Amino acid sequence: MGFLDALFGRSKPVRPDLDQLFGVPSAALTLEAGAGFTPTGLGSVCFAAVEGAAFVQVEQQVRALLDADTGRGGVPVEASRDAYGYSWLLARHRPEELPELVNDLHAVNSELEANGFGPQLLCSLVGFRDPRGRSLALVYLYKRGTFYPFAPVPGGGEKRDSALELQVNALLGNDLRLEKDLGRWFPVWGAPGL
Numbered sequence: 209m210g211f212l213d214a215l216f217g218r219s220k221p222v223r224p225d226l227d228q229l230f231g232v233p234s235a236a237l238t239l240e241a242g243a244g245f246t247p248t249g250l251g252s253v254c255f256a257a258v259e260g261a262a263f264v265q266v267e268q269q270v271r272a273l274l275d276a277d278t279g280r281g282g283v284p285v286e287a288s289r290d291a292y293g294y295s296w297l298l299a300r301h302r303p304e305e306l307p308e309l310v311n312d313l314h315a316v317n318s319e320l321e322a323n324g325f326g327p328q329l330l331c332s333l334v335g336f337r338d339p340r341g342r343s344l345a346l347v348y349l350y351k352r353g354t355f356y357p358f359a360p361v362p363g364g365g366e367k368r369d370s371a372l373e374l375q376v377n378a379l380l381g382n383d384l385r386l387e388k389d390l391g392r393w394f395p396v397w398g399a400p401g402l
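The sequence shown begins at 209 in this note's numbering and counts up one residue at a time.
The hints are simulated quantities; they were obtained by calculation from the structure and are not laboratory data. Fair warning: this is a prediction, and the values are worked out from it, not measured in the lab. Ideal Cβ placement from N, Cα and C applies to all residues, glycine included. Among the clues, some could well be false.
[What the hints assert, rightly or not] List time: in silico EDC-like cross-link candidates among lysine to aspartate or glutamate, alpha-carbon distance up to 20 Å:
(1) 388 - 369
(2) 351 - 321
(3) 351 - 225
(4) 388 - 225
(5) 388 - 373
(6) 351 - 227
(7) 351 - 319
(8) 367 - 338
(9) 351 - 387
(10) 367 - 290
(11) 351 - 389
[Said to hold, decoys possible] For each label pair, taking beta carbons as the anchor points, the in silico distance ranges come out as:
(12) 361 - 323: 36 to 44 Å
(13) 371 - 397: 15 to 23 Å
(14) 392 - 321: 14 to 22 Å
(15) 390 - 290: 19 to 27 Å
(16) 351 - 382: 20 to 28 Å
(17) 327 - 241: 32 to 40 Å
(18) 268 - 375: 34 to 42 Å
(19) 233 - 371: 22 to 30 Å
(20) 321 - 290: 20 to 28 Å
(21) 326 - 233: 20 to 28 Å
(22) 287 - 322: 18 to 26 Å
(23) 363 - 272: 31 to 39 Å
(24) 362 - 242: 18 to 26 Å
Use the sequences and the hints to build the structure in full.
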């Protein structure tokens, strides 16, 4: 960071650190012990789709990579597009296979990044549920290299449980690099895997 950047309050963007995803399994233990949330076995990657043959080829490579995972029992990865035009790839595992799920999410992000599509990556999420049926996602912001909790209110339309999000944030402070700017805790309504 140069003198003028410091003077004008500009900062360098955080370089994505995909290895942060590997902290999710230990955070899951803390989350279960402290709040009763357990993994659902679902996780997804969101990216802005790009037109062109190169992107289509990379997307096919990513799907083939995940579909070849024998631990999934032959169930293919699901691709979808949300109401905002973003693309999602949903990976499924058994709930006890959280490390394998995280490996899949890391592989998707890495493959897209390695092929020059890092700027299109938005976020990855891992789903959790508690005995009361409440959903929670740990959302990894690719461009920030940080996580934040997202907890939609069950059956509440587009309402979120902010108190639960703050509780989970405080709980996981030693496990994950958490996003400090609450304004960046974007809702991911209807995200696959939530």
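Inset, instruction - Run the structure past the numbered hints and jot down the numbers of the failing ones, going up. - result: none
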